[in-house]
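K.L.:
Chain by chain, the residues:
Number of protein chains: 4
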Amino acid sequence: MSKGRLEAFSDGVIAILITIMVLELRVPAGAAWDALRPLVPVFLTYVLSFVFLGIYWNNHHHMFHAVQRINGKVLWANLHLLFWLSLVPFVTRWLGETYTAALPTAVYGGVFLLSGVAWLILTRTIIAAEGPESRLAKAVGKDRKGLASALLYAAAIPFAFVNHWISEGIYALVALMWLVPDPRIERELS
Amino acid sequence: MSKGRLEAFSDGVIAILITIMVLELRVPAGAAWDALRPLVPVFLTYVLSFVFLGIYWNNHHHMFHAVQRINGKVLWANLHLLFWLSLVPFVTRWLGETYTAALPTAVYGGVFLLSGVAWLILTRTIIAAEGPESRLAKAVGKDRKGLASALLYAAAIPFAFVNHWISEGIYALVALMWLVPDPRIERELS
Amino acid sequence: MSKGRLEAFSDGVIAILITIMVLELRVPAGAAWDALRPLVPVFLTYVLSFVFLGIYWNNHHHMFHAVQRINGKVLWANLHLLFWLSLVPFVTRWLGETYTAALPTAVYGGVFLLSGVAWLILTRTIIAAEGPESRLAKAVGKDRKGLASALLYAAAIPFAFVNHWISEGIYALVALMWLVPDPRIERELS
Amino acid sequence: MSKGRLEAFSDGVIAILITIMVLELRVPAGAAWDALRPLVPVFLTYVLSFVFLGIYWNNHHHMFHAVQRINGKVLWANLHLLFWLSLVPFVTRWLGETYTAALPTAVYGGVFLLSGVAWLILTRTIIAAEGPESRLAKAVGKDRKGLASALLYAAAIPFAFVNHWISEGIYALVALMWLVPDPRIERELS
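Chains as they are written, first to last, in the numbering used here: chain A, 373 to 562; chain B, 373 to 562; chain C, 373 to 562; chain D, 373 to 562.
Simulated from the structure, these hints should not be mistaken for laboratory data.
Built from N, CA and C at the ideal position, the CB exists for glycine as well.
Some hints could be false.
Computed footprint of chain B on chain A; a stretch qualifies when at least three of its residues, placed anywhere within it, have a C-beta under 8 Å from a C-beta of chain B [said to hold, decoys possible]:
(1) 376-385
(2) 388-395
(3) 435-448
(4) 455-469
Some chain B residues near chain A, calculated using beta-carbon distances under 7 Å [unchecked claim]:
(5) V394
(6) A403
(7) F422
(8) N430
Just chain A, with the same shape it has in the complex:
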């Protein structure tokens, strides 16, 4: 089974998700500077979610570049990842509109955590299809960065009820951690 359509479909879904978020940026009520102020938290949340989806697209690109064989289970593991990513515009909008509120901050982190878990499942499913001797299995190794991200998101969720800045700081930190494409895979493949 070829990976071409899986890549094209994932590209399509992520391209749409990263784009429709901008539909949530409501047009300011007027043409004055004041009208822009309530948009600031919405805009910052938009930037964070854009970077988050960009990271997933980049990592997806890198990982499938190394993949040689897929099967039906990989298709579903990929759709499972896309499901959690598809909730990003929803939580982005909610967090942007209720900025500083605890619950939306926690739910935002929850979607990130479940996306991260779906990513780990996808990685495991592909390695199971390709075998432990595959390039990908060697490149990913123990996948410490993936596990660390999931743990950080899991920690950020309860912190949302203490101080939302801590959670948002953690989200930004994980984003920075991933901004550079995975050197393990790059090293292995170059």
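Given chain A, put chains B, C and D in place with the hints provided.
P.N.:
Coordinates of chains B, C and D only, in the frame set by chain A:
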């Protein structure tokens, strides 16, 4: 005529359909747990429709993998399928907002039934183009699963006016039935 | 210059256009049969526009299948066509909501007419790039069907101010005329 | 690393952006000519933004046609460009609704300026990956047109607070300047 653009166009349409449904998840009115409660039926309907569209994408992927020749009739049979699938976000939204109501439950099933019929027509059109000796014709055989799904959907529609749980149970059952990629085609092609 | 990205981009735009129209199908105000009645004209207009865009996608597919060379002018002639097609969701919504009104019926036809003109320009631009001896030039010939469609749309526009049923009948007639893929091109290419 | 998915993803994002803008064209409040009048500025802004995004897609197509190697930095420079382009529907809507207002005119130009800067960064990043002897490096040369566009946008922003027609004239001028595909690259590649 090559199947590449037909696949790309179908991927695009299904990717958009699976994604724009999330635009319907209205942002909760506040930041409290209570604000999330009215979203529960909407969310569950979203999950069911996401799985439903995911199944169609997966099966489309599997079927066209086996296809070698297409013609103008196949293009239109495919567009006919996409037409019914394009109504999924609409009925998802309606069912999510009027949960437990009979008519939306029935209409939801009607769109699933007509998508299933369109799928059967597409299969037949492709087999007619490829000939009865084609890999696809052999792989699909009598297509019992496709017929069973259509019959189950047809049964679910009147049940919506008796008890909407029965209909929704049937929709979930058919989804589970298809979650595993078609072993007949997989066996034939592997 | 390769035609791959032009096809992919056009597929993307048409896939999005054909899909976002369904966002305009407002959820009925209730769960009763009565709530569905105001949707009937909107739904019929949706079907007509879906078929209209489907025809353009099919013809685009057929035409570019025969194309071997493109240049910068073809890129812009194609974008010009996509521009007029991009207005289809807008006029569909307007016509659906103001059914039986003269002006929206005329504007709907106007967008169809300008899309048809853009199609003729695109055909001419490609033939200019490929040369009069190209397969496409021979296949299209005098392009009587394209010209007839444009003339019919042009006639339908003033009729909208007389009786909107005449205009809508013409729109449906042109759709039927194109539903079968262009036999001239098919004959030439098969 | 192959450029195929980067092109497909960019095509997807730009196709969505160019299409969802039409969702902002609100349906007129009635079916009379008067109802169309408030749409005129919105429509003109839509045309300008459509051309603007069309130019970026065309230039993206031309540039990546000449590209042979990409790396992780190019992926991010490309996402950075897509980020600024993703704000185009938002500023289009705002400018269309507040026509003649200074601040939206300036912000519209600001998004164009930052897109232009992101384009220059993307060009530099690709040349850094390909080396100064690459076809692209030679074709782009000093990139006077790119720099001139950025300077014109930068000039248009303060003019918005003097007379918005000057700024809009500059936006239209830059659009015209780019409508013809870059002859330097075309000459080099043909």
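K.L.:
Taking the hints in turn, state whether each one holds.
P.N.:
For each hint, the structure was consulted:
Under the rule that three or more residues need a Cβ within less than 8 Å of chain B, the assignment of the stretch 376-385 of chain A holds, with 6 such residues. Only residues whose beta carbon comes within less than 8 Å of a beta carbon in chain B count, and the stretch 388-395 of chain A has 4; three or more means the coverage holds. Residues of the stretch 435-448 of chain A with a Cβ under 8 Å from some Cβ of chain B number 3, which satisfies the need for three, so the listed coverage holds. Beta-carbon proximity to chain B at under 8 Å applies to 8 residues in the stretch 455-469 of chain A; the threshold of 3 is reached and the given coverage holds.
Below 7 Å, beta-carbon pairs count as interface contacts, and V394 (chain B) has one with chain A at about 5 Å; its hint therefore holds. A hinted interface residue such as A403 (chain B) counts as satisfied when its beta carbon comes closer than 7 Å to some beta carbon of chain A; here the least separation is about 3 Å, so the hint holds. Restraint check, F422 (chain B) versus chain A: the minimum CB separation of about 6 Å is within 7 Å; hint holds. Checking N430 (chain B) against chain A by beta carbon gives a least distance of about 5 Å; that is within 7 Å, so the hint holds.
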